[in-house]
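Let the hints inform the model, and build the full structure from the sequences given.
Here are the chains, one letter per residue:
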Amino acid sequence: MDVTRRMWVLAMALCLALASPALAQQQFNWQQAKGTQIRVLLNKHPWQAAIEPHLKEFETLTGIKLVAEVYPEDQFRAKVLVELASAASSIDVFMSMPAQEGLKYTRAGWLQPIDEFLKNPALTASDYNWNDFLEKSREAMVIEGKTVGLPIQVENGSLMYRKDVFQKYNVKVPTTLDELEAAAKALNGKTMTDDGQPGYGIVARGKRAAATSVFAAYLHAMGSTWLGPNREPMFNNEDGIKALELYGRLLRLYGPPGSENNHWYEASSIFSQGKAAMYTDANSLFPVIEDAQKSKVIGKVGYALFPRGPKGQYGSTVPVWGLAMPKTSQNQKGAWLFMQWATAKEQVFAVQSEKGVLGARESVWKDPKGQAKVPADLRESLTVGSKVGTPLWNPPVIAVAECRDAIGAAIVVSIQGGDVKAAANKAAADVKRIMAETEKK
Amino acid sequence: MLVFTLPSVVAVSLLMAFPVAYTLYMSVHSWYASSLTSPEFVGLGNFRRAFVEDDRFRNALWLTVYFTGLATALQLLLGVSLALVLNRPFRGKGFVRSIFLLPMVATPVAIALVWMMMYNPTLGVMNYLVGLVGLGPYKWVSNAAIVVPALAVVDTWEWTPLITLITLAGLATLPIEPYESALIDGASSTQMFWRITLPLLRPTIVVALLFRAIDCLKTFDIIYVMTQGGPGFASETLNVYTFQVGLFYFHIGYASSLLVILFALVLGVSLLLIKVRRGAW
Numbered sequence: 153m154d155v156t157r158r159m160w161v162l163a164m165a166l167c168l169a170l171a172s173p174a175l176a177q178q179q180f181n182w183q184q185a186k187g188t189q190i191r192v193l194l195n196k197h198p199w200q201a202a203i204e205p206h207l208k209e210f211e212t213l214t215g216i217k218l219v220a221e222v223y224p225e226d227q228f229r230a231k232v233l234v235e236l237a238s239a240a241s242s243i244d245v246f247m248s249m250p251a252q253e254g255l256k257y258t259r260a261g262w263l264q265p266i267d268e269f270l271k272n273p274a275l276t277a278s279d280y281n282w283n284d285f286l287e288k289s290r291e292a293m294v295i296e297g298k299t300v301g302l303p304i305q306v307e308n309g310s311l312m313y314r315k316d317v318f319q320k321y322n323v324k325v326p327t328t329l330d331e332l333e334a335a336a337k338a339l340n341g342k343t344m345t346d347d348g349q350p351g352y353g354i355v356a357r358g359k360r361a362a363a364t365s366v367f368a369a370y371l372h373a374m375g376s377t378w379l380g381p382n383r384e385p386m387f388n389n390e391d392g393i394k395a396l397e398l399y400g401r402l403l404r405l406y407g408p409p410g411s412e413n414n415h416w417y418e419a420s421s422i423f424s425q426g427k428a429a430m431y432t433d434a435n436s437l438f439p440v441i442e443d444a445q446k447s448k449v450i451g452k453v454g455y456a457l458f459p460r461g462p463k464g465q466y467g468s469t470v471p472v473w474g475l476a477m478p479k480t481s482q483n484q485k486g487a488w489l490f491m492q493w494a495t496a497k498e499q500v501f502a503v504q505s506e507k508g509v510l511g512a513r514e515s516v517w518k519d520p521k522g523q524a525k526v527p528a529d530l531r532e533s534l535t536v537g538s539k540v541g542t543p544l545w546n547p548p549v550i551a552v553a554e555c556r557d558a559i560g561a562a563i564v565v566s567i568q569g570g571d572v573k574a575a576a577n578k579a580a581a582d583v584k585r586i587m588a589e590t591e592k593k
Numbered sequence: 019m020l021v022f023t024l025p026s027v028v029a030v031s032l033l034m035a036f037p038v039a040y041t042l043y044m045s046v047h048s049w050y051a052s053s054l055t056s057p058e059f060v061g062l063g064n065f066r067r068a069f070v071e072d073d074r075f076r077n078a079l080w081l082t083v084y085f086t087g088l089a090t091a092l093q094l095l096l097g098v099s100l101a102l103v104l105n106r107p108f109r110g111k112g113f114v115r116s117i118f119l120l121p122m123v124a125t126p127v128a129i130a131l132v133w134m135m136m137y138n139p140t141l142g143v144m145n146y147l148v149g150l151v152g153l154g155p156y157k158w159v160s161n162a163a164i165v166v167p168a169l170a171v172v173d174t175w176e177w178t179p180l181i182t183l184i185t186l187a188g189l190a191t192l193p194i195e196p197y198e199s200a201l202i203d204g205a206s207s208t209q210m211f212w213r214i215t216l217p218l219l220r221p222t223i224v225v226a227l228l229f230r231a232i233d234c235l236k237t238f239d240i241i242y243v244m245t246q247g248g249p250g251f252a253s254e255t256l257n258v259y260t261f262q263v264g265l266f267y268f269h270i271g272y273a274s275s276l277l278v279i280l281f282a283l284v285l286g287v288s289l290l291l292i293k294v295r296r297g298a299w
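Protein sequences appear in the order of chains A and B.
Heads up: the first sequence begins at 153 in this note's numbering, then just goes up one per residue.
Heads up: the second sequence begins at 19 in this note's numbering, then just goes up one per residue.
Since the hints were made in silico from the structure, they are not lab data.
Glycine included, C-beta positions come from ideal geometry on N, C-alpha and C.
Honestly, I wouldn't trust all of these hints.
[Unchecked claim] Negatives, chain B to chain A, calculated, CB over 12 Å:
| no. | residue |
| --- | --- |
| 1 | Ala35 |
| 2 | Pro37 |
| 3 | Leu42 |
| 4 | Phe65 |
| 5 | Leu95 |
| 6 | Leu100 |
| 7 | Gly142 |
| 8 | Ala190 |
| 9 | Pro193 |
| 10 | Tyr197 |
| 11 | Met244 |
| 12 | Leu265 |
| 13 | Phe266 |
| 14 | Ile270 |
| 15 | Phe281 |
[To be verified] Residues from chain A that face chain B, not an exhaustive set, calculated with beta carbons under 10 Å:
| no. | residue |
| --- | --- |
| 16 | Asn389 |
| 17 | Ile393 |
| 18 | Leu405 |
| 19 | Asn414 |
| 20 | Ala551 |
| 21 | Gly560 |
This is the structure in structure tokens:
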């Protein structure tokens, strides 16, 4: 009797065990890493600012203790790099742009590919729907055939301009590079603020390495690119030099003094203080520009596609931010739950509808409530830009930082009014040498 | 007893001797840390590259010397003068002394951020101030031609008190007899300063100079926060360049050799100054 009863209990337990995958599909177990802790490194960024108020919800949902650290961009990148290189990193999740560091980190074996996590129904909720992410944002997460992150934000190198100023002085919103320069010239020194102060024609980053990712749009619109078909530097060809000259000329003649030290923090504050008519940078900065507490140009800014080049080329660049997991993470399950939670439809909807973060999920873009915080022209230019643009906002090399510094030096020379051709050729020689050193087998 | 010194011997060798030895070892290797290859022995190749091929290094070396020379000279001049003033008896002397020491106690990063705002070409107070005497406006740290002097001013503001402090200590130990006999001989106060005070103070001043020179050669915080070596490479000193090479580009071997060069430079300057102190010159 006892024996049969025990057998019966055992059989029941077995049935339950077999049925559990089916149960998991209906009721995903968010508590499977309860009681553990994860350390998340975040870059100071609109997405980070928008998700931070929700982080408590993650802790409640999963029972995982979340330790989040935030650093400004340059320090953030340095910190992640140093920690990963030490091989003793305690980072579980970090914000990452694969076009910036993906190739390097992948070749170094620092990134945990997440394809297996995505496929595993015990680890990924059935309603997560990976295919809901915009196609280019998914592609941007794939390095050498492996998915290394989940997209949290898509942006375009674009043109932001003061609608009121353009209207007041009757200037056409530029759709080509020639019109861009003409508009910068026409509007430079004109009154742009309520207190009657004059503003600059245009503002953009001029700080060495930081400037290259904005310059990328000028470079591609002009018809050049970073590397040629045999991976030799190409940005110093005729079109590339034209782009360099244009960038330097714009900031030197029609931009604020001291552009050489401006990163996006400085450039965006000059623009949001109403001191410039145009601003070329990532359109993801629009929450900064429309910030009710800090900005003086709320509702006055138009978000356009980056101007096209002389031969009609598009310049829009398509950078994508994602969340990635180091191989060294001691709590990969907890890390994955966080990555999944932060990119699930609910959170994408939350950050997009509350703070206007440019999410990567198509379903959220289709939801009228998901678009409410995003200006209509930005929505439109972002959709078009992400179709016709280029993912090459960075030179496609391993030593991105070093090559960006080399190219950025030429940009600074151009802003200062030096010999652009010589600087471009030097930068090309430097990039060639750097690639030879860092990409040798 | 050997056994009592053992903990400190272990600590020193782990924390100081090993890193130095490892840096020396790495400096003769080529190692790009994010590739999976192991270090490759290149002999003195890194040093050859630095002095022969790398114009960014030569630029950094010159800027390091330029910055150090300018900053220490300014600090020495102001610091010693300030000490002589503060050494005279006046009401509220203790209070004034403590006030003058405050910049030294503040966090360098905070100082750098405040100066950044003061140097801002459009919004900063510096252009207003120089405008009062009919100068400017300047682009300050955004202008390649004046970025190093502008940074030297910040360093001077922060570290002049150290020289003042050391000089004050030196002044307190000066013997009174030489002054008494000089007074009897009818020496003027200017003569007493040049013939008695300054020579007697020389060892103290050299010590202060030594501290500042070593620190200036290695300055990192204010430069990194304010310009990160920019505009272009116009304020990229050796320490900032080495940081970029090592921690942004990850050429660990080459960065190590740059550190060895910086170390040699600091050591050389220190030995020179110690020699000066002993009166060999």
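Each hint, compared with the structure:
1. Ala35: Nearest chain A Cβ is 21 Å from Ala35 (chain B), so the label holds.
2. Pro37: holds, 14 Å
3. Leu42: Its Cβ never comes within 12 Å of chain A, the nearest being 20 Å, so this holds.
4. Phe65: holds, 16 Å
5. Leu95: holds, 29 Å
6. Leu100: Holds, because the least Cβ-Cβ distance between Leu100 (chain B) and chain A comes to about 32 Å, which exceeds 12 Å.
7. Gly142: violated, 10 Å
8. Ala190: Since the minimum Cβ distance to chain A is about 43 Å, Ala190 (chain B) lies beyond 12 Å and the statement holds.
9. Pro193: Holds: least Cβ distance 52 Å, greater than 12 Å.
10. Tyr197: holds, 52 Å
11. Met244: violated, 8 Å
12. Leu265: It is violated; Leu265 (chain B) is separated from chain A by about 6 Å at its closest Cβ, not greater than 12 Å.
13. Phe266: Its Cβ does come within 12 Å of chain A, the nearest being 5 Å, so this is violated.
14. Ile270: violated, 9 Å
15. Phe281: Non-interface label on Phe281 (chain B) holds, nearest chain A Cβ at 21 Å vs cutoff 12 Å.
16. Asn389: violated, 22 Å
17. Ile393: violated, 18 Å
18. Leu405: violated, 15 Å
19. Asn414: holds, 8 Å
20. Ala551: holds, 6 Å
21. Gly560: Given a least distance of 8 Å, the restraint on Gly560 (chain A) holds.
Hints 7, 11, 12, 13, 14, 16, 17 and 18 from the earlier list are contradicted by this structure; the remaining hints agree with it.
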